[in-house]
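Enquirer: Please take these sequences and the hints and turn them into a complete structure.
Residue numbers (the numbering used here): 4 to 149.
Source of the hints: derived by calculation from the structure; they are not laboratory data. As the structure is a prediction and not an experimental result, all values here were calculated from the model. Glycine included, each C-beta is placed from N, C-alpha and C at the ideal position. Treat the hints with care, since some could be wrong.
[Unchecked claim] Label-pair distances were calculated between CB atoms; the ranges are:
1) Val89 x Glu126: 30 to 38 Å
2) Asp40 x Gly95: 39 to 47 Å
3) Arg79 x Leu58: 19 to 27 Å
4) Asp131 x Glu41: 31 to 39 Å
5) Glu92 x Glu51: 28 to 36 Å
6) Arg79 x Ser29: 27 to 35 Å
7) Ala66 x Asp124: 28 to 36 Å
8) Val144 x Asp124: 24 to 32 Å
9) Asp59 x Asp23: 19 to 27 Å
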Amino acid sequence: MSVEDDYNALLNGAIDVATDFLSQHSEFPPFAMAMQDEDGELFHIEPEGEEGEELDSETVMAAMAAGLRDDARGGRWRAIALVADVTLEDDGGEAVTAAIHVAMEHRDDDPVSAVLPYAIDGEQVELDELIAEPGEAVVFVTEQPS
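Expert: Take a look at the structure:
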């Protein structure tokens with residue numbers, strides 16, 4: 004598979020999981036998708052924590068990124084996606100719409116950040132137009148010399 008194929012598989016998997024959560028709960032907790040290096044199998048990864056423990060999204064995402072980074076260094080993953088439920092704001096800081104944010108990274112290419120605005124009508128999740136732009140690497144990062 005090409006990098007583009009890997010990114011498309013990650014993005015589609017992430018959107019499927021997120022929309023399933025949204026249709027049932029009208030929100031979703033942060034999660035990750037990871038593509039196994041040897042065969043391209045996708046894994047849905049949820050954060051681990053104590054029962055009833057409430058952690059903010061940034062803390063959860065940082066912890067998942069650290070775990071994925073360790074596994075990626077060991078050669079387990081060739082591509083990953085960190086997925087969060089976000090609120091898009093206008094220039095004045097006012098909430099405009101909810102969106103699925105998918106931060107994708109590949110060991111062989113530049114990271115991509117995708118945002119997919121959505122609205123919920125009953126149990127139906129209505130997706131808007133996908134916005135993609137260059138992302139920031141947090142998992143497939145090169146070691147800084149000491």
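Enquirer: Could one say that the CB atoms of Asp59 and Asp23 fall in the range 19 to 27 Å?
Expert: 23 Å, holds
Enquirer: Using the Cβ atoms, figure out if Val89 sits within 30 to 38 Å of Glu126.
Expert: 21 Å, violated
Enquirer: Could you check the hint for me, namely that Arg79 and Ser29 are 27 to 35 Å apart, CB to CB?
Expert: Distance hint for Arg79, Ser29 holds at roughly 33 Å.
Enquirer: Is 39 to 47 Å a correct range for the gap between the Cβ atoms of Asp40 and Gly95?
Expert: 44 Å, holds
Enquirer: Falls inside 31 to 39 Å, the C-beta gap from Asp131 to Glu41?
Expert: With Cβ atoms ~36 Å apart, the hint holds.
Enquirer: Look at the Cβ atoms of Val144 and Asp124 and judge whether their distance stays inside 24 to 32 Å.
Expert: 40 Å, violated
Enquirer: Return holds or violated for the Cβ distance of Ala66 and Asp124 against the range 28 to 36 Å.
Expert: 33 Å, holds
Enquirer: Can you tell me whether the CB distance of Arg79 to Leu58 sits inside 19 to 27 Å?
Expert: With a Cβ separation near 24 Å, Arg79 and Leu58 satisfy 19 to 27 Å, so the hint holds.
Enquirer: Take a look at whether the Cβ-Cβ distance between Glu92 and Glu51 falls inside 28 to 36 Å.
Expert: Given a distance of about 31 Å, which is inside 28 to 36 Å, the answer is holds.
Violated hints, in rising order: 1, 8; the structure is consistent with all others.
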